Amino acid sequence: MLEIKQIHKAFGSLEVLKGVDLNVEKGDVVAVLGPSGSGKTTLLRCINFLETADSGRMIFDGEQFDLGHMSKKDIARLRKKTAFVFQSYNLFRNKTALQNVTEGLIVARRTPKTEAMEIGRRMLDKVGLSDRYDYYPNQLSGGQQQRVAIARALATNPEIIFFDEPTSALDPELIGEVLGVMQQLAREGMTMLVVTHEISFARDVSNKVVFMEHGVVVEAESSKDFFEHPRQPRSREFIQNVLNRAQGA
Amino acid sequence: MSERLAQILLDSFSKILIPGLTVTIPLTVIAFSCALVIAVFTAMVQVANVRGLKQLARFYIWVFRGTPVLVQLFVVFFGLPKLGVLIDPFPCAVLVFSINEGAYCAETMRAALESVPRGQMEAGYCVGMSYFQIMRRIVLPQAFRTAFPPLSNSLIALVKDTSLAATITVSEMFMATQRIVARTYEPLALYIELALIYLLFCTVLTRLQAVVEKKLNAYGVY
Chain E
1 MLEIKQIHKA FGSLEVLKGV DLNVEKGDVV AVLGPSGSGK TTLLRCINFL ETADSGRMIF
61 DGEQFDLGHM SKKDIARLRK KTAFVFQSYN LFRNKTALQN VTEGLIVARR TPKTEAMEIG
121 RRMLDKVGLS DRYDYYPNQL SGGQQQRVAI ARALATNPEI IFFDEPTSAL DPELIGEVLG
181 VMQQLAREGM TMLVVTHEIS FARDVSNKVV FMEHGVVVEA ESSKDFFEHP RQPRSREFIQ
241 NVLNRAQGA
Chain P
250 MSERLAQILL DSFSKILIPG LTVTIPLTVI AFSCALVIAV FTAMVQVANV RGLKQLARFY
310 IWVFRGTPVL VQLFVVFFGL PKLGVLIDPF PCAVLVFSIN EGAYCAETMR AALESVPRGQ
370 MEAGYCVGMS YFQIMRRIVL PQAFRTAFPP LSNSLIALVK DTSLAATITV SEMFMATQRI
430 VARTYEPLAL YIELALIYLL FCTVLTRLQA VVEKKLNAYG VY
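Going line by line, the protein sequences match chains E and P. This note's numbering numbers the first residue of the first sequence as 1 and each following residue consecutively. This note's numbering numbers the first residue of the second sequence as 250 and each following residue consecutively.
Quick caveat, the hints were computed from the structure, so don't treat them as lab data. None of these values were measured; they are calculated from a predicted model. Each residue gets a CB set at the ideal place from its N, CA and C atoms; glycine is no exception. Take these hints with a grain of salt, some might be off.
Think about it this way: if two alpha-carbon atoms lie no more than 20 Å apart in a straight line, the pair counts; the simulated DMTMM-like pairs of lysine to aspartate or glutamate are [said to hold, decoys possible]:
| # | chain 1 | residue 1 | chain 2 | residue 2 |
| --- | --- | --- | --- | --- |
| 1 | E | K26 | E | D134 |
| 2 | E | K73 | P | E371 |
| 3 | P | K464 | E | E159 |
| 4 | E | K113 | E | D134 |
| 5 | E | K18 | E | E219 |
| 6 | E | K73 | E | D61 |
| 7 | E | K126 | E | E188 |
| 8 | E | K73 | E | E188 |
| 9 | P | K463 | E | D134 |
| 10 | E | K224 | E | E237 |
| 11 | E | K72 | P | E435 |
| 12 | E | K126 | E | E115 |
| 13 | E | K81 | E | E3 |
| 14 | E | K81 | P | E371 |
| 15 | E | K80 | E | E3 |
| 16 | E | K5 | E | E221 |
| 17 | E | K224 | E | E25 |
| 18 | E | K80 | P | E252 |
Computed spacing ranges between beta-carbons, pair by pair [what the hints assert, rightly or not]:
| # | chain 1 | residue 1 | chain 2 | residue 2 | range |
| --- | --- | --- | --- | --- | --- |
| 19 | E | S13 | P | C451 | 37 to 47 Å |
| 20 | P | G328 | E | L14 | 25 to 35 Å |
| 21 | E | S71 | P | L457 | 47 to 57 Å |
| 22 | P | G328 | E | K73 | 47 to 57 Å |
| 23 | E | K73 | P | N402 | 40 to 50 Å |
| 24 | E | N157 | P | Y309 | 45 to 55 Å |
| 25 | P | V312 | E | E63 | 48 to 58 Å |
| 26 | E | N241 | P | G315 | 38 to 48 Å |
| 27 | E | Q6 | P | G301 | 29 to 39 Å |
| 28 | E | T114 | P | F381 | 21 to 31 Å |
| 29 | P | N402 | E | R122 | 43 to 53 Å |
| 30 | P | A444 | E | Q139 | 36 to 46 Å |
| 31 | P | G328 | E | D66 | 49 to 59 Å |
Please model the complete structure; the sequences and the hints are all you need to start from.
Dropping the structure here:
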């Protein structure tokens with residue numbers, strides 16, 4: 001469904017992505033793992049055009065795109081099929097939880113207001129926030145804000161949702177509620193591409209793992225194979241380190 | 250206080266207040282409204298980094314913040330007729346105060362726009378909104394809330410600065426008072442009376458500011 005080929009991106013002289021390939025099938029939950037600075041977040045941002053890739057190709061729903069030369073029209077069209085969940089939630093702070101969810105429907109997709117409100121309520125119910133429709137972001141906890149952000153992403157009925165370290169800004173106590181929602185989405189067959197540090201999510205929820213370092217993909221495997229029989233020494237080392245840390249904590 | 254002085258102050262009160270209501274306040278309101286439009290536009294071209302317009306905006310702010318408004322009034326009112334541009338006193342004052350105040354408010358607006366976390370812009374794009382939709386519905390409302398206290402400051406300053414319009418023959422409150430002083434020779438009492446009327450105007454504005462701020466705070470501090 002989504003295929004990325006040879007994506008390159010440099011910030012000045014710093015090469016962040018050095019020809020990354022990626023393949024996501026419908027219903028996949030792909031976890032992108034890797035140490036800080038490996039280019040995972042940049043990869044995600046390039047795929048949704050928050051950064052402009054220097055070069056690379058993308059195939060989305062059978063349509064080919066040149067990532068280095070995207071027209072504004074194509075970007076707008078593709079964005080309507082995707083959704084993005086940010087590390088820092090990025091809720092609209094002058095809008096209530098419900099308005100955050102309906103904004104994209106009413107403004108960008110011209111959904112009638114009553115219909116949008118109904119979808120909005122349904123999405124907030126789904127992420128367990130039926131009692132927070134009219135709360136403003138600053139009246140919500142981090143975990144609740146992130147769940148509103150997920151509801152906002154779901155509302156537009158995307159074909160794929162990109163998650164950029166969705167739990168990294170959260171208190172350890174609040175991580176569970178967000179991962180729980182993501183797990184539920186995975187069970188319902190939502191296609192997701194998740195940049196994460198949550199090793200348990202990668203192991204238990206995702207079906208594929210892409211392990212990146214220094215701007216290249218070190219290993220891309222089914223998640224079972226990646227954790228049980230990692231092929232690259234670097235992958236083994238990474239898994240070992242993360243697991244040790246998890247046990248120590 | 251002598252009976253005569255009391256009578257003068259009483260008679261002059263309406264004679265000062267009326268030009269206040271018919272000249273000072275309209276001048277302030279019209280000029281400040283225009284200034285806000287100028288400010289939003291000038292700030293937005295800078296934040297959006299529109300080439301050419303951004304440099305023009307910087308130049309405009311540099312010139313009008315860097316020269317006295319009194320001098321600007323004189324250049325336009327007494328200077329421009331030399332070039333065949335003749336403007337009546339009141340519109341001339343509106344013009345100069347709008348442009349001058351616009352330069353200050355533009356900087357307030359720019360700071361406020363820049364204070365809105367950039368991530369919301371990206372979130373807006375990701376739900377399919379256009380730049381202008383995000384600006385109008387998400388960024389500007391938040392920027393206005395941040396800008397409101399400093400903009401109120403500018404408005405209050407402008408109420409008082411309009412007294413300078415007297416120098417280009419606009420018959421506002423200050424000029425009205427000068428005329429009464431010339432007739433009655435009671436500068437101390439009359440100018441204090443004038444000061445109190447300005448204070449009254451500004452008190453009303455301060456109260457209004459408090460009320461509006463409370464409203465804006467409905468969605469909390471952020």
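Hints violated by the structure (listed by number, smallest first): Checked against the structure, the hints that fail are numbers 1, 3, 8, 11, 18, 19, 20 and 26, while the rest are satisfied.
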